[in-house]
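Residues per chain are reported as follows:
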Amino acid sequence: MNYILPRPDSTTLSTPELHFLRTTALSSTPHRLSGRSPTESRPIRLSFSRSHNKAECTSQFGNTRASASVRGELIPPPNMDRPNDGQVKFNVDVGPMGVMGYDVVTPASNYNEGGGGGEGGGEAAYSQRLESNRLLRVLERTLLIGGSIDAEALCVQSGVWVWRLVVDVSLVCDAGNCLDACVLAVVAALRHFRLAQVDVMEDTSSGVAGEESFREMQIIDSDEKEPTPLPLHHTPVTATFALFSDKSGATSTVSSLIDPTDREELAADGIVTWSYNKYGEMCCLDFPGGCELSMVQLMSSSDLGKKRCIDICEMLETALMEAESKAHEERMERLKHNSKSLGIVTTISGCDDDDDAMNIDNEHSDSKAKDEEYRKLALDYASGHIAAAVKDRPLSFGSSKKPEASSLFHAFLHSVKKAQTVDEDMEIDALVSQDEQTAKHHDNVTQQKALDDISKLNAITQQQKATEPKPMVMLGEPNSSDEEENVVQLKSEFCSVDNDNTNNQSSISAAVVADQPQQETAAAPISSEQKQAKQMDAAEGEDVDDLAIAVKKKKSKKSKKKSN
Amino acid sequence: MASLRRTDILSLIHLRSDGRRPNEIRHMTCHLGALPSTNCGSALPTSGCSGSALVSMGLTQVLCVVKGPCDVGRRSEELPDRATLEVIVRTTPFSPPGDRRVANPTTDRRLIEQSHLLQTALSASILLHLYPKSKITVTVMVLADDGGRLEAAINAATLALMDAGIPLKDMVCACSAGRWSAGGVDEIVVDLNRREIQAATGMSGGGGGTSDTIYLPVATMPQRGNVVLAQCESRLSGGAEAFGEVLDVAMKGCQMVMEIMAAAVRERGAGVWKAKEGKADVMLVE
Chain A
59 MNYILPRPDS TTLSTPELHF LRTTALSSTP HRLSGRSPTE SRPIRLSFSR
109 SHNKAECTSQ FGNTRASASV RGELIPPPNM DRPNDGQVKF NVDVGPMGVM
159 GYDVVTPASN YNEGGGGGEG GGEAAYSQRL ESNRLLRVLE RTLLIGGSID
209 AEALCVQSGV WVWRLVVDVS LVCDAGNCLD ACVLAVVAAL RHFRLAQVDV
259 MEDTSSGVAG EESFREMQII DSDEKEPTPL PLHHTPVTAT FALFSDKSGA
309 TSTVSSLIDP TDREELAADG IVTWSYNKYG EMCCLDFPGG CELSMVQLMS
359 SSDLGKKRCI DICEMLETAL MEAESKAHEE RMERLKHNSK SLGIVTTISG
409 CDDDDDAMNI DNEHSDSKAK DEEYRKLALD YASGHIAAAV KDRPLSFGSS
459 KKPEASSLFH AFLHSVKKAQ TVDEDMEIDA LVSQDEQTAK HHDNVTQQKA
509 LDDISKLNAI TQQQKATEPK PMVMLGEPNS SDEEENVVQL KSEFCSVDND
559 NTNNQSSISA AVVADQPQQE TAAAPISSEQ KQAKQMDAAE GEDVDDLAIA
609 VKKKKSKKSK KKSN
Chain B
678 MASLRRTDIL SLIHLRSDGR RPNEIRHMTC HLGALPSTNC GSALPTSGCS
728 GSALVSMGLT QVLCVVKGPC DVGRRSEELP DRATLEVIVR TTPFSPPGDR
778 RVANPTTDRR LIEQSHLLQT ALSASILLHL YPKSKITVTV MVLADDGGRL
828 EAAINAATLA LMDAGIPLKD MVCACSAGRW SAGGVDEIVV DLNRREIQAA
878 TGMSGGGGGT SDTIYLPVAT MPQRGNVVLA QCESRLSGGA EAFGEVLDVA
928 MKGCQMVMEI MAAAVRERGA GVWKAKEGKA DVMLVE
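Taken in sequence, the protein lines are chains A and B.
Residue numbers for the first sequence follow the working numbering, beginning at 59 and rising by one.
Residue numbers for the second sequence follow the working numbering, beginning at 678 and rising by one.
Heads up, some of the hints might be wrong.
[As the list claims (entries may be wrong)] DMTMM-like cross-link-like pairs, simulated, lysine to aspartate or glutamate; straight-line CA separation at most 20 Å:
id, chain 1, residue 1, chain 2, residue 2
1, A, K305, B, E922
2, A, K112, A, D304
3, A, K365, B, E918
4, B, K846, A, D304
5, A, K364, B, D758
6, A, K336, B, E918
7, A, K364, B, E918
The set of hints was computed from the structure by calculation and includes no laboratory data.
Generate the whole structure from the sequences, applying the supplied hints.
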C-alpha cells in the first residue's frame with residue numbers, strides 16, 4: 059500500500075464545516091445547514107409489514123433509516139426465581155450498512171448467551187460499540203425499565219412456558235439522530251406485532267406425581283386464530299437535541315437543535331434525549347453530558363421535547379391504524395385464497411409481506427413514487443415553506459416529449475428569473491442586515507430548488523430515453539444558455555449551502571433545455587422577460603404555492619408577449 | 678421478611694431504611710493520593726499514575742487512578758487540538774452483587790455506558806485544549822457497590838484529577854435523588870442506596886416502576902450551577918414539574934458533596950505543603 063487512506067470512519071469533520079456549523083448554531087438567530095429552524099424536525103415516514111408471529115417497521119427521518127423487527131419464541135422461563143416473567147431481548151446491529159467505516163460485528167444484545175465479543179481494534183470499533191451500546195441502553199431503559207412492556211404479561215404457563223420477544227434493530231442508514239429513528243421503529247413494531255395464540259397439547263408424558271407436568275405447546279398460525287396485540291402500558295417515543303455551547307465561555311448560551319443531522323451531531327458538544335408518551339408523561343431522560351446546562355435550559359428543552367414527542371405519538375397512531383387495516387385486508391385475502399385453493403398453502407414462510415407476487419409491478423412503481431415523494435419532502439430543504447406540487451403532475455415515465463419540453467422550458471425560465479432577481483437583490487441589499495438577507499435567500503433558493511428538483515426529475519426521465527453522452531456535449535453550447543447557467547452557479551455558491559445539488563441540477567436542466575429546438579429564441583426573450591418578470595415576481599411575492607399554476611401563468615404571459 | 682418490618686418502623690418516624698432522614702446524604706469520605714503518585718515523565722502509558730483518590734459514599738467504595746497527560750500510544754487516536762480522555766470503569770470480583778463474575782469493561786453494556794457517561798461528564802470540565810496530542814487516562818475501580826456507583830465514580834474521578842494537577846473548570850460533583858410515594862405522601866430523598874434504587878425503579882423484573890417514582894443520578898458543577906449529566910428512566914405522570922423538584926433536590930445534594938470534597942482537597946493541600954516545609958505529621962509514601 060503506497061498511498062494514504064483517509065480515516066475510514068465517519069467521525070471526522072473538516073474544520074470549515076465544524077466552524078460553520080458551530081457559528082451558525084450559536085448565532086443570535088440560529089441557522090442550520092438544511093434551512094430548518096432549531097425547533098423543526100425532519101418529516102417522518104413509517105412503513106410496516108406483518109406476518110405470522112412477526113412484525114416489522116422501518117422508520118425514516120429524512121435520510122436516517124432504522125428497521126426493527128419483532129418475533130416471538132416460546133421458551134421455558136429463563137429465571138427460575140421469577141417463573142412468571144417473559145423476556146424481551148433487544149439486538150442492536152449497527153454495521154457498515156448504516157455508517158461508513160463500521161465493521162460487521164455481532165449485534166449488541168441485552169441477553170448474551172456465551173462469551174462477549176472479542177477485542178475491539180482502533181477508533182472506529184470503539185465508536186461503533188458506543189453507538190450500538192447507547193441505542194441498546196436507551197431502548198432497554200425506555201421500554202423495559204420504564205415499564206411499558208410488562209414481563210409478566212408474557213407468561214403462557216407459569217413456570218413452564220413463557221414468551222420471549224426478540225427485537226432486532228438494525229440501522230440501515232445513519233444521517234443523524236439514529237436514536238430517535240431506532241426507538242420509533244421498535245415501538246411501532248411492538249405495537250404492530252400480534253402475539254399468536256398457543257395451543258396446549260394433551261399431556262401424554264407421565265410426569266412424576268406432584269410436579270408441574272411438561273406439556274408441549276404449539277403456536278397456532280395467525281390465519282387460523284386471530285392473534286392478540288401485546289400488552290403495552292404506554293408508548294414512549296424520544297426526542298433528541300444536539301447541544302452547542304460557547305466554548306470561549308464568553309456567554310452561557312446553549313443552542314439546542316432538535317433532530318440533528320450527522321454533521322450537526324459531530325460538531326455538537328453534547329446530546330440530550332427526552333422521552334415522553336402521548337399523555338405527556340416523561341418516560342426517560344438521557345443527558346450524557348459533554349455540555350453544561352443550567353436547570354432552566356434543561357427544563358425548557360424538556361418542554362420542546364414533550365411537544366415533539368406528542369406530535370410523533372399522534373403520527374404513530376394514525377400510521378398504525380392504517381397499517382392495521384392494511385394487514386387485516388391482507389389477512390382476509392389470504393383466507394379467501396386458502397378457502398378457494400384446496401388446502402394448498404400459498405404462504406411462503408416469511409414472505410407474507412406487502413409485495414404479493416401478483417401485484418409486484420404496481421406495488422413497485424407505487425412504492426417508488428411514494429419514495430420519491432418522501433425524498434423530496436424530506437430532503438428538499440424547503441419542505442416547510444413550499445408545498446411540493448408533485449401530486450398535481452403525475453409522474454409518468456415515458457410520456458410524450460413535447461408537453462414536457464415546453465413546461466421544462468418554462469420551468470427553466472422561471473428559475474432563471476428567480477436567479478436574476480436574487481442576484482440584483484444581493485447587490486442592492488449588500489448592506490442590509492444578515493437576517494433579512496438570509497431569509498430572502500432561503501426562500502428564493504428554496505423556490506429555485508423546488509423547481510430544480512422537478513426539472514431534474516423530468517430531466518432524469520428524459521435522459522433515460524435519450525443517449526448518454528448528451529449532457530457532456532451540451533455544456534459546451536453557445537454562451538447565452540451558459541451565461542445563465544453560470545449566473546445560477548455563482549449565486550448558489552454564495553447563498554445556497556447546498557452546492558453540489560444545485561450545480562448538478564442546474565447543469566442537467568441546462569443541458570436538457572439546450573436540447574430543445576427553441577434554444578436560439580431562448581436568449582432574446584429571457585432578457586426582456588426578466589425585467590417584466592422581476593416586477594411580477596415582486597408582486598407575487600413568495601406565495602407561489604402551486605408550481606403548475608405558476609408555470610401556466612408564465613406560459614400565458616409569454617404567449618401574450620409573442621403576440622405583441 | 679425482617680427487613681420489611683424494620684423499614685416499616687423506620688418509616689413511621691420518617692426515617693429511611695438505613696436510618697437517614699430524607700435530605701441527608703450518606704456518610705462520605707474522600708482520600709486523595711491513596712496510591713503513591715509517580716513521575717509520569719516516561720512515554721509509556723503503562724507506568725505509574727499521576728493522581729488517585731478513594732471515595733466512599735456510604736457502603737459504596739470506589740478507587741480512581743489518573744494517568745497523564747502523557748503520550749498517546751497510537752497516532753490514530755491523537756487529536757490535534759485537545760487531549761484524548763479515556764475512561765475505563767471496572768468492577769472487582771469481590772464487589773457486590775457478589776456473583777464473583779468480573780464484567781468485561783469492553784463488552785458489558787452497563788460498564789460501557791458508565792465509562793462513556795463519565796467521559797463526557799468530565800470532558801465538560803477538563804481543559805483539554807491545554808494538552809493537544811496527549812492522553813489522559815482515568816481508571817475507576819469499583820471496590821464495593823451499594824448503589825450510586827456512577828455518582829461515586831464521578832466524584833472519585835474529579836478528586837483524582839485534582840490530585841494529578843490537571844486543570845479543571847470546576848469540580849464535577851454527582852449525587853442522586855429520588856422520589857416515591859410512601860404511605861400516600863410524596864417523599865423526595867437524596868443519595869439513594871441500592872435497596873432504595875431497586876424500589877424506585879422496580880428493577881426486580883416484572884412490572885416496571887409505578888408511576889411517580891423517580892431515580893435521578895445527576896452530576897453538576899456546583900459553583901457554576903450547571904448540570905452536566907442527568908439520567909432518568911421512570912415514568913412520571915406529573916410531567917416536568919415533578920422532575921424539576923427532584924432535579925432541584927439532586928443539585929442541593931451535589932452542593933453538599935462538593936463541600937465535603939473541597940474540604941478533603943484543602944486537607945490534602947495542607948498536608949503536601951507541610952511535607953514540603955519539612956513539618957509533616959504523617960509520613961507520605963514516596
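Quick rundown of the hints versus the structure:
{"no.": "1", "hint": "K305(A) to E922(B)", "in the structure": "29 Å, violated"}
{"no.": "2", "hint": "K112(A) to D304(A)", "in the structure": "48 Å, violated"}
{"no.": "3", "hint": "K365(A) to E918(B)", "in the structure": "15 Å, holds"}
{"no.": "4", "hint": "K846(B) to D304(A)", "in the structure": "14 Å, holds"}
{"no.": "5", "hint": "K364(A) to D758(B)", "in the structure": "37 Å, violated"}
{"no.": "6", "hint": "K336(A) to E918(B)", "in the structure": "17 Å, holds"}
{"no.": "7", "hint": "K364(A) to E918(B)", "in the structure": "13 Å, holds"}
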